[in-house]
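Novice: Here's the letter readout for the chains.
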Amino acid sequence: ETGVTQTPRHLVMGMTNKKSLKCEQHLGHNAMYWYKQSAKKPLELMFVYNFKEQTENNSVPSRFSPECPNSSHLFLHLHTLQPEDSALYLCASSQGQGETDTQYFGPGTRLTVL
Amino acid sequence: LAKTTQPISMDSYEGQEVNITCSHNNIATNDYITWYQQFPSQGPRFIIQGYKTKVTNEVASLFIPADRKSSTLSLPRVSLSDTAVYYCPRNTGGFKTIFGAGTRLFVKA
Chain R
1 ETGVTQTPRH LVMGMTNKKS LKCEQHLGHN AMYWYKQSAK KPLELMFVYN FKEQTENNSV
61 PSRFSPECPN SSHLFLHLHT LQPEDSALYL CASSQGQGET DTQYFGPGTR LTVL
Chain U
115 LAKTTQPISM DSYEGQEVNI TCSHNNIATN DYITWYQQFP SQGPRFIIQG YKTKVTNEVA
175 SLFIPADRKS STLSLPRVSL SDTAVYYCPR NTGGFKTIFG AGTRLFVKA
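Note that the protein sequences, when read in sequence, are chains R and U.
Letter 60 of the first sequence, counting from 1, is numbered 60 in the numbering used here, and no numbers are missing.
Going from the second sequence to the numbering used here is simple: count from 1 and add 114.
These aren't lab readings, by the way, just hints derived from the structure by calculation.
Please read all numbers here as calculations on a predicted model, not as lab measurements.
You may find that some hints are simply not true.
[Unchecked claim] Straight-line alpha carbon distances no greater than 30 angstroms define the calculated DSS-like cross-link-like pairs of lysine-lysine that follow: (1) R/K52 with U/K222; (2) R/K36 with U/K210; (3) R/K22 with U/K222; (4) R/K19 with R/K36; (5) R/K52 with U/K117; (6) U/K117 with R/K18.
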C-alpha cells in the first residue's frame, strides 16, 4: 500500500546530529499523526495535526519538533536526541471527521540513536 | 484516559477460528470500536469497525454486545500469515486514539 509513505525507512544518528523524518499521504485526508513505538511497548501518540493546525502535543520533549506545511505532508525534526529515543516512528493520516474516523499508517522509520 | 483491555497473547493452529476479546469499560456513547493488525516493523492496518451487534467483512467479523462494554474480533480459519499483534484502541471521538499493548497472536502449523 502506498497511501502513506515515510522516508527514510531507517536512520542512524548520533546524539549531536540534526535530522528530519518525512511523511506524505496520498489519501486526501485532513489529519496527520506522529506515533512512537519503542520495543515491547504500545504505540505512543506524539502529535496530531488537523488542517495543518496542531491539535495534540502529548508532552513530547522539545528535541522533537513537528512541522505540517500542508495536509499532505508532515515532518518530524530531530535534534540532540538520546539513545532512549531509538524506536519505530510511525506516521498516520485520517479524514479527521466523525466517530468512524480510521487511521491509515505508514511503514515507519526505524530510528537508532547512538 | 483509560485504555481498553485485551489478552497479552494467544496461540492457535492453522485452520482454526480465533476469537480475541477486548474490554471497553470506558466507552462513550458515540465511540465506534475499531480493530487494527500490526506485523513486525510495519504500521498498524485497519481490519474492521463497528458500533453494535455484528459486522463482517472479507477479513474478519466483529461482535459487539448490547451494552458495548466489550467486543470480540473473530478471525475465521487463520493461517501462518495471521501471526501479528491485534489492537482494539480506545477512540475518544477526537484525535486522541489510545493504543494498548495489543494481543500477540501466534499461529502455528
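Novice: Each hint should be assessed against the structure and marked as holding or not.
Specialist: Cross-check of the supplied hints:
Between R/K52 and U/K222, the direct Cα distance comes to roughly 45 angstroms. Violation of the 30 angstroms bound is thereby established for this hinted pair. Note on R/K36 and U/K210: the hinted pairing holds, with a Cα-Cα distance of about 14 angstroms set against a maximum of 30 angstroms. In summary, the hint linking R/K22 to U/K222 is not supported, as the alpha carbons are separated by about 37 angstroms, beyond the 30 angstroms threshold. At most 30 angstroms may separate the alpha-carbon atoms for a hinted pair to count; R/K19 and R/K36 meet this at roughly 16 angstroms.
For the hint linking R/K52 to U/K117, the alpha-carbon distance of about 28 angstroms falls within 30 angstroms, and the restraint holds. Using a Cα cut-off of 30 angstroms, the hinted pair U/K117 and R/K18 is violated, with the two alpha carbons roughly 34 angstroms apart.
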